[in-house]
Amino acid sequence: MRISVDQTLCSGHGRCYSLAPEVFFADDDGFSLQRGEEFDVAPANESIARAGVLACPEGAIKIL
Amino acid sequence: MTTQDTDTKNASRCPVTDWSVEGNKPAGEFYRELDDLREASDAYWNTSGNGFWMLTRFEDMRDAYQNGKVFSSESIIVNDPNPQYLWIPTLIDGPDHTKYRQILNSYFSPAAVREREQINRGFAVAAIEKVLDKGRCDAAKEFSAEFAVRVFLAMTGLPQEDMSDFVGWVDAIFAQMANADDHSEQLAAAAAIRTYFIDMIAARRESPRDAKTDFVSHLLQSSFYDTPLTDDQTLNILEVLILAGLDTVRAQLSYSLFHFATHPKDRQRIIDEPDLIPSAVEESLRYYSIVNPGRKLTEDFEIAGCPMKKGDMVLLDLAQANRDPRVFSDADVFVVDRPDNKHLAFAAGAHRCLGSHLARQELAIGLEEWHKRIPHYVIDGDEPVLEHGGMRGIISLPLRWIDL
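Residue numbers (the working numbering), protein chains in the order written: chain A, 1 to 64; chain B, 65 to 468.
Check the hints yourself; a few may be wrong.
Unchecked claim - Computed spacing ranges between beta-carbons, pair by pair: (1) A:G59 x B:E366: 21 to 27 Å; (2) A:S4 x B:N146: 40 to 46 Å; (3) A:A44 x B:T362: 19 to 25 Å; (4) A:P21 x B:N146: 28 to 34 Å.
No wet-lab data here; the hints were simulated from the structure. Beta carbons: idealized from backbone N, C-alpha and C, even for Gly.
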């Protein structure tokens, strides 16, 4: 699974890293450390990754 | 509101309503009314107050919040389109807004909030233990308000003794916020808060405290771009944090307890599985969304068939987005362990609530510590629990846990 986090749409709600800390990470201000990036998710983490994607109120996270 | 104005708005396909944001109603009533409005139309021209548009569905509302260029935060109260106050950073847009937020982030980041967990938990426990033996209390006042205000005072380095003053001022401001005609008490309370902070700023300028732990000192040692924050900017920041941090948590925690008092199955769920409390907090935020900001159009813009004009106000009531069945299955059901709960209780876009991490912590702590000590309780007495409009909240929440 490949995921992207939109640079501009992320506004630091923190749902992704709260629900799926194995996959998503926060910067010091609580925004996505991975915003503006694409990254791969290990198969074992695909389920919680999906939970993180679907929890973003901004729709900033996409499964590519 | 002239007939001509109404006719102009009416010329669009946008339905007209006179539904008022104000009033005191049985708890839950505003939510039902907002649900009905949403299902009947995705947009309205509302003739109440000063007149404003309404967008009622999740997608349009999220788009509006994300489009800060058109939907500006120059005013966020539909019945107060030209505010005489400048809340920083709330009423600022663009790069300046981002700069101000950067000054505040160190106190409101997830890490900063985590560091305060022990202290905050202590305030919740103290508030509960004060009422425990009475067997009954007004939880809106004696628990929710008590807890939220003490957390706020501790976090901003303000004296705990000033608690009742703050509660009074915040009450006065919110009571009149929805009132289109009279803002006199609101302005008086804002003036009292301003005086208080002018004195506090002078005191901290004279004897600065550690910027890492004293919020006012932190502000006085911060810069906006390359210029140190002025007293005025500092005052404006403190003013909005008072308003944003006190009544919100009080209201949300009160709605949560109201829900669990009146829904024993849901309450039993979180008693049996306290690990579900964070999820229950999210569902409370979704189901009982209290905040209903407006935005002001910076240019003519058409959305949902409404020809909004530059200078118009539009109400973006978060409860309508959060209970939208197009986005949430069983939207009108409180589901304790709801997955995919991407609610907009903290709005969206650049103005996403700065205090969201703190609010979530407070709500979880509040529910955890309450239910550890008072797992079973009912609404006390026969009077219906009432909610107020404007930014919504429970007016009084009498709970009883003796003689069940």
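Hints and how they fare:
For the pair G59 (chain A) and E366 (chain B), the supplied restraint of 21 to 27 Å holds, since their beta-carbon distance comes to about 22 Å. In this structure the supplied range 40 to 46 Å holds for S4 (chain A) paired with N146 (chain B), their Cβ-Cβ distance being about 41 Å. In this structure, A44 (chain A) and T362 (chain B) break the distance hint of 19 to 25 Å, their C-beta atoms being roughly 48 Å apart. At roughly 45 Å, the beta carbons of P21 (chain A) and N146 (chain B) sit outside the given window of 28 to 34 Å.
Going through the hint list in order, the structure does not satisfy hints 3 and 4.
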